[in-house]
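Trainee: Quick note: the sequence shown uses full-length UniProt numbering, first residue 1, plus one each step.
Certain hints may be false.
[To be verified] Listed next, the in silico BS3-like pairs over lysine-lysine satisfying Cα-Cα at most 27 Å (straight line):
1) 407 with 345
2) 450 with 334
3) 441 with 420
4) 406 with 302
5) 264 with 286
6) 286 with 302
7) 345 with 382
8) 276 with 286
9) 276 with 264
10) 245 with 334
11) 186 with 76
12) 302 with 382
13) 458 with 334
14) 407 with 299
15) 334 with 345
16) 302 with 245
17) 245 with 220
18) 343 with 299
19) 95 with 25
20) 334 with 441
21) 388 with 302
22) 393 with 406
23) 48 with 264
24) 449 with 384
25) 420 with 302
26) 384 with 420
27) 280 with 264
28) 450 with 343
[Said to hold, decoys possible] Ranges between beta-carbon positions, derived for each pair:
29) 224 with 156: 16 to 26 Å
30) 106 with 183: 24 to 34 Å
31) 238 with 286: 23 to 33 Å
32) 170 with 294: 28 to 38 Å
33) 327 with 379: 25 to 35 Å
34) 340 with 106: 15 to 25 Å
No lab work stands behind these hints: they were computed from the structure.
Values in this document were obtained by computation on a predicted structure and should not be read as measured data.
Every residue, glycine too, gets a C-beta built ideally from N, C-alpha and C.
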Amino acid sequence: MTDTPLNPLCQQVLSFLSKDEFANKPVVLAYSGGVDSQVLLHCLTQIKEFLIAPVHAVHVNHGLSENATAWQEFTKQQAEQLGVPYVAVEVVINKQNQQSLEALARDVRYQAITDNSAINSIVLTAHHQDDQLETLLLALKRGSGIQGLSAMQDVRSFSGNRVIARPFLSISRKQIEQYADAFNLKWIEDESNINQEFDRNFLRQSVIPLLEQRWPQIKKTASRSAKHCQQAQVLVEQMAETDIKHCQTAADSLNIDLLKELSKQRLINVLRFFIKLNNKLAPSEKQIEEVIKTCFSAKEDKNPEVRVGNYYLRRFKQELFITEVFSDISAWQKQFTIAELLKEKVVSLPDNLGRLYFSSNNQHENSQKNRFFLAYSDGEEKLKVAFKHSNPKCFPDFRQQRRELKKVLQELNVPTWQRKRLPLIYINEQLAAVLPLFIDKDFTANTKKKCLSITWHKDK
């Protein structure tokens with residue numbers, strides 16, 4: 001162990017990683033090769049003798065620049081020279097309407113890091129004080145609330161048991177550049193950083209220098225404001241946790257009558273927290289107001305819904321549900337003879353609904369969770385899997401007489417949007433089963449008929 005004093009930036013990183021909460025956890029550096037991450041990589045090599053857990057670097061090649069391949073080679077060489085295990089991940093970004101390229105790149109980058117890190121990893125990023133000011137100003141531009149104005153946290157939860165940690169958040173870009181010069185480091189200069197069409201670059205190059213001329217301490221004071229907002233956000237979420245325990249009926253639903261007992265401010269707070277718990281993007285103020293107006297004020301026999309980005313908030317039976325945006329699968333169907341089906345064995349369902357596995361079964365058991373037993377007479381009978389129906393009369397095994405399918409689904413309190421996503425099994429065009437709800441009595445497995453086993457493996 002050397003007696004040479006550590007550089008202040010290295011000491012900052014060491015102190016940060018020495019927290020009890022980080023003990024023995026593997027460290028993963030999100031390594032772009034820019035000056036910030038280059039300095040952080042170098043710091044990690046300077047303190048490696050003090051670290052117990054392993055360190056490795058992940059470089060994500062977004063393929064957005066003609067220099068992307070050269071950058072990947074540079075980062076590989078730098079990691080090898082410094083003796084840090086390294087992996088490069090090439091990703092594809094599919095540009096989507098109403099989503100910024102920066103946000104899409106961030107999402108695929110974090111997914112790549114998740115896929116290449118242990119579940120309890122500390123994911124280090126090199127965000128610094130200048131980045132914090134930019135993030136705060138962007139939040140102001142968007143009209144964000146306390147959560148947005150909290151900007152970036154030193155440590156936050158991430159996928160699995162991982163955390164994202166930012167040891168440089170109190171360090172300025174100038175300090176980082178001084179470190180790089182002192183150690184003669186090389187780094188990548190991304191040509192897109194000069195493109196002021198990107199809001200962050202515009203702030204960095206045209207706005208923040210003017211602010212610093214007038215208020216030299218603005219980066220520090222902005223960081224302090226972000227900390228205050230983070231503390232306020234903790235209190236706001238603690239209140240939301242108390243309220244949601246009173247109102248929540250399941251992970252994806254809330255009781256509307258109980259929500260109505262809250263003040264409007266607490267109601268909005270609970271809705272935002274509920275959406276966050278379900279890992280969805282935060283709604284705008286206008287969208288929240290639309291949800292309250294549409295889902296809370298409609299007549300009780302109505303089932304209104306509001307789309308918010310890539311999810312829906314829907315009301316059914318005085319409960320508010322959060323769901324994905326589902327595709328129209330009414331035209332989808334597959335048809336086989338039962339003999340063909342027993343050879344194929346599997347039918348893949350549309351829109352992430354999973355797969356149905358078919359096999360012969362002579363035990364004539366009662367249907368179990370996700371496994372169902374269906375009687376048939378002959379292997380040449382036609383079996384069809386579909387989602388569309390013409391409201392046939394059916395004879396569920398729990399009823400004493402036949403009734404229209406729509407009425408049965410109403411009796412079972414199946415939410416309206418889920419009624420269109422139930423696999424329907426027809427044998428010779430007669431409805432034999434509605435999965436996972438019931439087997440029609442005409443097709444209940446018994447010792448006098450052959451038995452077909454159906455197992456539904458749902459996608460997570």
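Trainee: Please verify whether residue 450 and residue 334 have alpha carbons no more than 27 Å apart.
Mentor: holds, 22 Å
Trainee: Given the hinted pair residue 264 and residue 286, is their alpha-carbon gap at most 27 Å?
Mentor: Within the cut-off at roughly 14 Å; holds.
Trainee: Need the status of pair residue 245, residue 220: alpha-carbon distance at most 27 Å?
Mentor: Since the Cα atoms of residue 245 and residue 220 sit roughly 38 Å apart, the hinted pair is violated (cutoff 27 Å).
Trainee: For residue 407 and residue 345, compute the direct alpha-carbon distance and say whether it is at most 27 Å.
Mentor: Violated, at about 32 Å.
Trainee: Does the alpha-carbon distance linking residue 334 and residue 441 stay inside the 27 Å limit?
Mentor: Given pair residue 334, residue 441 holds - Cα atoms ~23 Å apart, limit 27 Å.
Trainee: Please work out if residue 393 and residue 406 have their alpha carbons no farther apart than 27 Å.
Mentor: holds, 9 Å
Trainee: Quick check: does the Cβ-Cβ distance between residue 238 and residue 286 fall within 23 to 33 Å?
Mentor: For residue 238 and residue 286 the Cβ distance comes to about 27 Å; the hint holds.
Trainee: Given the hinted pair residue 406 and residue 302, is their alpha-carbon gap at most 27 Å?
Mentor: With a Cα-Cα distance of about 16 Å, the restraint between residue 406 and residue 302 holds, given a limit of 27 Å.
Trainee: Assess, step by step, whether the Cα of residue 420 is no farther than 27 Å from the Cα of residue 302, and give holds or violated.
Mentor: holds, 17 Å
Trainee: With a cut-off of 27 Å on the C-alpha distance, tell me whether residue 302 and residue 382 pass.
Mentor: At roughly 38 Å apart (the allowed maximum being 27 Å), residue 382 and residue 302 break the hint.
Trainee: Against the 27 Å threshold, does the CA-CA distance of residue 441 and residue 420 hold or violate the hint?
Mentor: holds, 22 Å
Trainee: Take the C-alpha atoms of residue 186 and residue 76, compute the straight-line distance between them, and say whether it is at most 27 Å.
Mentor: Holds, at roughly 13 Å.
Of the numbered hints listed earlier, those contradicted by the structure are 1, 10, 12, 17, 18, 19, 23, 32 and 34.
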